[in-house]
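Keeping their order, the protein sequence lines are chains A and B. Here the numbering used here is used: the first residue of the first sequence is 1, the next is one more, and so on. Here the numbering used here is used: the first residue of the second sequence is 1001, the next is one more, and so on.
Hints should not be assumed to be uniformly reliable.
Below, a sample of chain B positions facing chain A; criterion: calculated Cβ distance under 8 Å [stated by the list, open to error]: (1) Tyr1015; (2) Tyr1026; (3) Ile1056; (4) Ile1060; (5) Ala1063; (6) Cys1065; (7) Tyr1067.
Which chain A residues stay away from chain B? Per the calculated CB distances, all over 12 Å, these [claimed, not checked]: (8) Ala19; (9) Ser63; (10) Ser87; (11) Thr100.
These aren't lab readings, by the way, just hints derived from the structure by calculation. We treat Cβ as the ideally placed atom computed from N, Cα and C, and that holds for glycine.
Here's the letter readout for the chains.
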Amino acid sequence: MSDVGTVSRFRVRYAETDAMGIAHHSQYAIWFEVGRSDWFREKGVSYARCETEGVYFPVAELSVRFSQPAFYDSAISVHTRLSEVRSRSITLQYQVCDETGTLLATGHTRHICVNEERQTQTIPDWLRKVLEEDRKRSS
Amino acid sequence: MTTPYVSESTLRVRYAETDAQGIVYYANYFVWFEVGRVNYLREVGFDDRQREREGITFVIVEATCKYHAPARFDDPIRVRTWVSEVKTRSFRFAYEVHNQDTGVLLAEGETAQVVVDGITFKPKAITAEFRQRLVSQRDRPA
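Go ahead and model the full structure; you've got the sequences and the hints to work with.
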């Protein structure tokens, strides 16, 4: 990843660990959401605002590759960047690292743009401008 | 061509699993995959005690999910689980999540696991016995 995008920082909570003493793999999907929410907010369009404008981005696809475990209280950073913008979908990429800079996991989520009735819609112009601006900057 | 053993698990969507959209939050499908995976292993005779006896465990190195349709609170869910690949030190489970009443496919995914030593967590070869259980062709227990 040439562009690090947004960085979100938090510590692994005890509630996120499992019997193996590491963060359960399902938690990474929630961490990706933290990264995604911060990414939208940092671009000046919070995801909450998207929803009030009738623009929703449900997850159509999730993929995670785990390389190292995350332990309780580790300081985690999630690096989020937009990797693709299409007329009706977006893809975000994530890198999860610990405080030593060790890469713990990578992944992506693909989102379809839908309206309140969950019908697929073209990403509206006001939002597209923001997204494409970011793509231009990061390329 | 033999068909792989398919384990079927059923569950109902809990309110805690839904989000502000009124549908199941996407991370929860990995937990449902786990329900399917653990049931599969138990059904082929590999429960947690067996795992400890054999001194092996496995870690998830990859997980993917494609979401086709949303699930809602109290929906009856069926998770179909089977082994899609067995290599020297790793194996893959494949999953399908359906609405049990309508039969609609809600999601499908895979997880890849690497077998590791229970103490050192170093990757190790899948034992013949474990492999035999993973590729089990036997019918579903009554």
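Do the hints match the structure? See the list:
no.	hint	verdict
1	Tyr1015	violated (18 Å)
2	Tyr1026	holds (5 Å)
3	Ile1056	violated (13 Å)
4	Ile1060	holds (5 Å)
5	Ala1063	holds (5 Å)
6	Cys1065	holds (5 Å)
7	Tyr1067	holds (6 Å)
8	Ala19	violated (9 Å)
9	Ser63	violated (4 Å)
10	Ser87	holds (20 Å)
11	Thr100	holds (18 Å)
Checked against the numbered hints above, the structure breaks hints 1, 3, 8 and 9 and satisfies the rest.
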